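Going down the list, the sequences are from chains A and B.
Each residue of the first sequence is one higher than the one before, counting from 1 in my numbering.
Each residue of the second sequence is one higher than the one before, counting from 1 in my numbering.
Some clues are possibly wrong.
[To be verified] Simulated pairs of lysine-lysine, DSSO-like, Cα-Cα distance not exceeding 27 Å:
| # | chain 1 | residue 1 | chain 2 | residue 2 |
| --- | --- | --- | --- | --- |
| 1 | A | LYS36 | B | LYS55 |
| 2 | A | LYS41 | B | LYS3 |
| 3 | B | LYS72 | A | LYS44 |
It is worth saying that the hints were derived from the structure and are not from the lab.
Every value quoted in this text rests on a predicted model; they were computed, and no experiment measured them.
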Amino acid sequence: ETAVFQTPNYHVTQVGNEVSFNCKQTLGHDTMYWYKQDSKKLLKIMFSYNNKQLIVNETVPRRFSPQSSDKAHLNLRIKSVEPEDSAVYLCASSSGNSDYTFGSGTRLLVI
Amino acid sequence: AQKVTQTQTSISVVEKTTVTMDCVYETRDSSYFLFWYKQTASGEIVFLIRQDSYKKENATVGHYSLNFQKPKSSIGLIITATQIEDSAVYFCAMREGGSWQLIFGSGTQLTVMP
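Next up, chain B with everything else stripped away, as it sits in the complex:
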């Protein structure tokens, strides 16, 4: 069965620094899709970035990038030059190739301080 684990409950950083959020996943499927979402204080859930299992190159979108370590079943999210408005809960999620379910981790609360 698929499972997503985020062990960091909360992280605090000073703005303009770089932060990394950890995520490990479990799957028996050779094809799967990994996602990171952000939930703002208003409750809105926004898609940030994805990594498809067959792609070796780490995905990058704006100031978000991924550290995909397939042998370790790990997909870390890196945010560079953090801004106050990056403060939110960040969710890692996975969907197996043949599955209907997008399964989420428990989330990491990021607080960016001035």
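Next up, chain A with everything else stripped away, as it sits in the complex:
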């Protein structure tokens, strides 16, 4: 099956902890992304990773960092989570001018 796969589906953690989410795509795409979807369903792009080039949305706090081993994987690490980080994190991939394919998301709850 070719798709974008994310783990875990759901994660609960306490303020100040570090978390890491995984994303893998088997579509052969050359670019991967992380989006944050808040409680109002607003989708905000966080990062783009292509050919070892990382592009960061300037509004993303420094405690967020993407990590990639190859073009099929783009993980997201959050150092010292804060309550406002509670959201759904969506991974996506694309190639050229194609549409983006999204994973099923990781829901993070910070307590």
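Given the structure of chain A, go ahead and fit chain B onto it with the hints provided.
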């Protein structure tokens, strides 16, 4: 800077009717790509249809079609013969030709009633 606006927060229709969802965009780029996505109740985001700025003909895929009005910077989504399972949140999105970002509107909740 690019921007996508969906003013309709929610729409309710009776099944088998036609619904139109509005979307306007802002860009200074002459080349851009417009997309519509659907997010189901499970949270899955699915690509539906796209319109490339240089194409004059409105795109059509199954029972989805677009009303592309370039002078008005408008890209409406038309769903004909709606079905209960079309109930979802619909997002309009745009990417400029030279940009790395796919920017989304705030979404329109569609409810299709029997």
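Hints, one by one, checked against the model:
In summary, the hint linking LYS36 (chain A) to LYS55 (chain B) is not supported, as the alpha carbons are separated by about 31 Å, beyond the 27 Å threshold. Of the supplied pair hints, the one linking LYS41 (chain A) and LYS3 (chain B) holds, its CA atoms being roughly 16 Å apart against a limit of 27 Å. Pair hint LYS72 (chain B) plus LYS44 (chain A) holds up; C-alpha atoms about 25 Å apart against a cutoff of 27 Å.
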